[in-house]
Amino acid sequence: MAQSAPRPPARPPFWNDPLVRSIIYQVLAIGLVCAVGWYLIHNTITNLQRLGVSTGFGFLDRPSGFDISQVLIDYNSTYSFGRAFLVGLLNTALVAVCGIVLATIIGFLVGIGRLSRNWLIARLCTTYVEILRNIPILLQLIFVYTLLVSVLPAPRESLAIGETVFLNTSGLFVPRVIPLAGAGLFFLSIPIAVVLAWLFARWARIRRELTGQSLPRNWITLLILVGLPLLTFLATGRPVELEYTTIGRFRPQGGFALQPEFVALVVGLSIYTASYIAEIVRSGILAIGKGQIEAASALGLERSQILRLVVVPQALRVIVPPLTSQYLNLTKNSSLGVAVGYPDLFSVAGTINNQTGQAVEVIAITMAVYLLFSLITSAFMNWYNARIALVER
Amino acid sequence: MRLSSLLGACALVALGATAAQAGPTLDAVKQKGFVQCGTNVSGLPGFASVNNENQWSGLDIDLCKAVAVALFNDPNAVKYTPLNAKERFTALQSGQIDILSRNTTNTLSRDTALGLDFPVINYYDGQGFMAKKALGVQSALELDGASVCVQAGTTTELNLADFFRANNMNYQGVVFENNDEVLAAYDSGRCDVLTTDASGLYSTRTKLQNPDDHMVLPEIISKEPLGPAVRHGDNEWADIVRWSFYAMVQAEEFGITSENVEQIAEETQNPDIQRFLGKLDELGAGVGLPNDFAVQIVKQIGNYGESFERNVGMGSTLKIERGLNALWTDGGLQYAMPFR
Chain A
1 MAQSAPRPPA RPPFWNDPLV RSIIYQVLAI GLVCAVGWYL IHNTITNLQR LGVSTGFGFL
61 DRPSGFDISQ VLIDYNSTYS FGRAFLVGLL NTALVAVCGI VLATIIGFLV GIGRLSRNWL
121 IARLCTTYVE ILRNIPILLQ LIFVYTLLVS VLPAPRESLA IGETVFLNTS GLFVPRVIPL
181 AGAGLFFLSI PIAVVLAWLF ARWARIRREL TGQSLPRNWI TLLILVGLPL LTFLATGRPV
241 ELEYTTIGRF RPQGGFALQP EFVALVVGLS IYTASYIAEI VRSGILAIGK GQIEAASALG
301 LERSQILRLV VVPQALRVIV PPLTSQYLNL TKNSSLGVAV GYPDLFSVAG TINNQTGQAV
361 EVIAITMAVY LLFSLITSAF MNWYNARIAL VER
Chain B
1 MRLSSLLGAC ALVALGATAA QAGPTLDAVK QKGFVQCGTN VSGLPGFASV NNENQWSGLD
61 IDLCKAVAVA LFNDPNAVKY TPLNAKERFT ALQSGQIDIL SRNTTNTLSR DTALGLDFPV
121 INYYDGQGFM AKKALGVQSA LELDGASVCV QAGTTTELNL ADFFRANNMN YQGVVFENND
181 EVLAAYDSGR CDVLTTDASG LYSTRTKLQN PDDHMVLPEI ISKEPLGPAV RHGDNEWADI
241 VRWSFYAMVQ AEEFGITSEN VEQIAEETQN PDIQRFLGKL DELGAGVGLP NDFAVQIVKQ
301 IGNYGESFER NVGMGSTLKI ERGLNALWTD GGLQYAMPFR
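These protein sequences, in sequence, are chains A and B. Per my numbering: the first sequence = residues 1 to 393. Per my numbering: the second sequence = residues 1 to 340.
In short, the hints are calculated from the structure, not lab data. No residue lacks a Cβ here, since even glycine has one placed at the ideal position from N, Cα and C. There could be a bad hint or two in this list.
Unchecked claim - Estimated spans, in silico, between C-beta atoms of each pair:
1. B:LEU208 x A:SER283: 45 to 51 Å
2. A:LEU231 x B:ARG165: 54 to 60 Å
3. A:THR55 x B:ILE220: 50 to 56 Å
4. B:GLU236 x A:LEU372: 44 to 50 Å
5. B:LYS30 x A:ARG21: 49 to 55 Å
6. B:GLY136 x A:ILE105: 42 to 48 Å
Unchecked claim - Covered by chain A, per the in silico footprint, the following chain B stretches (three or more residues, Cβ under 8 Å):
7. 33-43
8. 153-162
9. 166-175
10. 242-253
11. 306-316
Unchecked claim - Chain A is faced by these chain B residues, among others (derived, beta-carbon under 8 Å):
12. PHE89
13. THR90
14. LEU114
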């Protein structure tokens, strides 16, 4: 056997072997990247030492000495720089989440509105997209913020609803909910209600598929979502207390305050990003062939069913990948909050940088956090995309 | 490990690459033929601002010009880099600028951990508050609950936190990057109070829509020795900045002004003054400057008193009293080391 096999052609010299060559190139490329990286790091450390600038991450444990106007966790000037970072990080996360939710809602409404047969709605939505998409986001943020603080009344002339809600240049003040003993059960009942509602929806779908009977699903879901927490709330003897806002000498004191900086940033980012999302949504819907909708009608589906069962699942496949990019953009654009006085991560990091002088470390941490945020968002959206992808048979 | 080092590397490209070539500042400055001076971005009238003829002027600008005159005998051999409070130290550390003359407070941590040196203090200041008269506030101790506009990355921001904490009062700080944004927020009524160095308050007040509706509260809550900063360890360059400024202060003490400096240089028989004006001894050479550098500085910029009055004092719109910035002979703190 061995003798009868044709003699293999002489092996080419190793430098002509494509496999070996590609390995060599890759090793060279990685080596080059590492060498450049090492050079930069070494050079920087040497230079910083020569300049007498402190290095290292020890500063994270030192007291920060400055206050932050919006905090989601306990913080004041005696806490550490590390804690200040965390406060900034949470503020950024808050803006990103609120912005993404709001931008998605506005974006979908406007996107669908552009396709409306109502001439006025379609034109209004087109105007919205064309104006907001074509003005730099920084200008829009400053515009919204300036508008807010110039239109709103001074704290002493607050707009008030009774003695509970106040609106002025310092923000929107509403009573704060303070949990008392036993409130844990109430707060626990909310996620339980959500899970129950989800289980019910699942069961109802399976039942419908098996028996063809459909239940008034929306009403029952609403009942579970509202009813269970409400029952728990009453059963545990209303375990919360309201802290009311009082008009002080300067701005109102106490209660929960929504600051104009936060509102300006969330609104500015949302309406800007929504203009892109609207276009993405429109393209997604237009991507579905007319024949699909006609076929669905021919099967006897109602308009809402066509939308829910035929159009949306296919449109989402087109919409979700570019939507992810918009979510990432919104998160990254939130670093513009510094222009309207919002204490986001970038703003806090800037202050820390200035107080410690350790630009390299501070910028590295900040970049790492934004990268992490983006990777998490991407991972979630990729998971969602995989879930909604059409199973092609 | 590799990810973090790559990240670090990216952050460092700018800093590392420029710092590598910074070298001794004097050589670099002489080679390029001008002084790169970091200054206030949004303009602080009296200290650093651009006038109608598009020329920089102010007390901090005069210091940069004095150095340029000492080195090149030309007050215009200066290029300005406007910086906000957050950018300023990185700009100096990275070698982007040669002097930071931007009403910067000298503190221990800036002097040490930031790798800076403060050769002199050209304005002794303290932090104060400004409020609308309509609020009826008479003292900073009545500010419990106020919202306060403040600039990010300043000692002001830290003193503010300390002051309210020490007096057991609440406040809401609204922090902006640039002085102009701070001012706009205060003017629009977003904050009840604006805080910065007292000199900054007087200067800022002139930019408000109705300056007379606002008052500076009497309390001074901190020491703010403001002065130029240079990179730590470049002593030759620090010496040049230090003695260029001292020449202005010493001239005032001698009663030498831009008007009479040449005449005095010709006529004086006082060896102290002769030495100062380079007629005796070789003092300039010790600093690496021409022997008549003091004459040129005083002739082209003026003495410290002239510069003060012209920019922030009675000859300006700010009308700030000399106060702590009077000569030591008049009960102030400005004191030049002896020229000998």
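Comparing the hints with the structure gives:
no.: 1; hint: B:LEU208 x A:SER283: 45 to 51 Å; verdict: holds, 49 Å
no.: 2; hint: A:LEU231 x B:ARG165: 54 to 60 Å; verdict: violated, 45 Å
no.: 3; hint: A:THR55 x B:ILE220: 50 to 56 Å; verdict: violated, 36 Å
no.: 4; hint: B:GLU236 x A:LEU372: 44 to 50 Å; verdict: holds, 45 Å
no.: 5; hint: B:LYS30 x A:ARG21: 49 to 55 Å; verdict: holds, 52 Å
no.: 6; hint: B:GLY136 x A:ILE105: 42 to 48 Å; verdict: holds, 45 Å
no.: 7; hint: 33-43; verdict: violated (count 0)
no.: 8; hint: 153-162; verdict: holds (count 7)
no.: 9; hint: 166-175; verdict: holds (count 6)
no.: 10; hint: 242-253; verdict: violated (count 0)
no.: 11; hint: 306-316; verdict: violated (count 0)
no.: 12; hint: PHE89; verdict: holds, 5 Å
no.: 13; hint: THR90; verdict: holds, 5 Å
no.: 14; hint: LEU114; verdict: holds, 3 Å
Of the numbered hints given earlier, the model fails hints 2, 3, 7, 10 and 11; all others are met.
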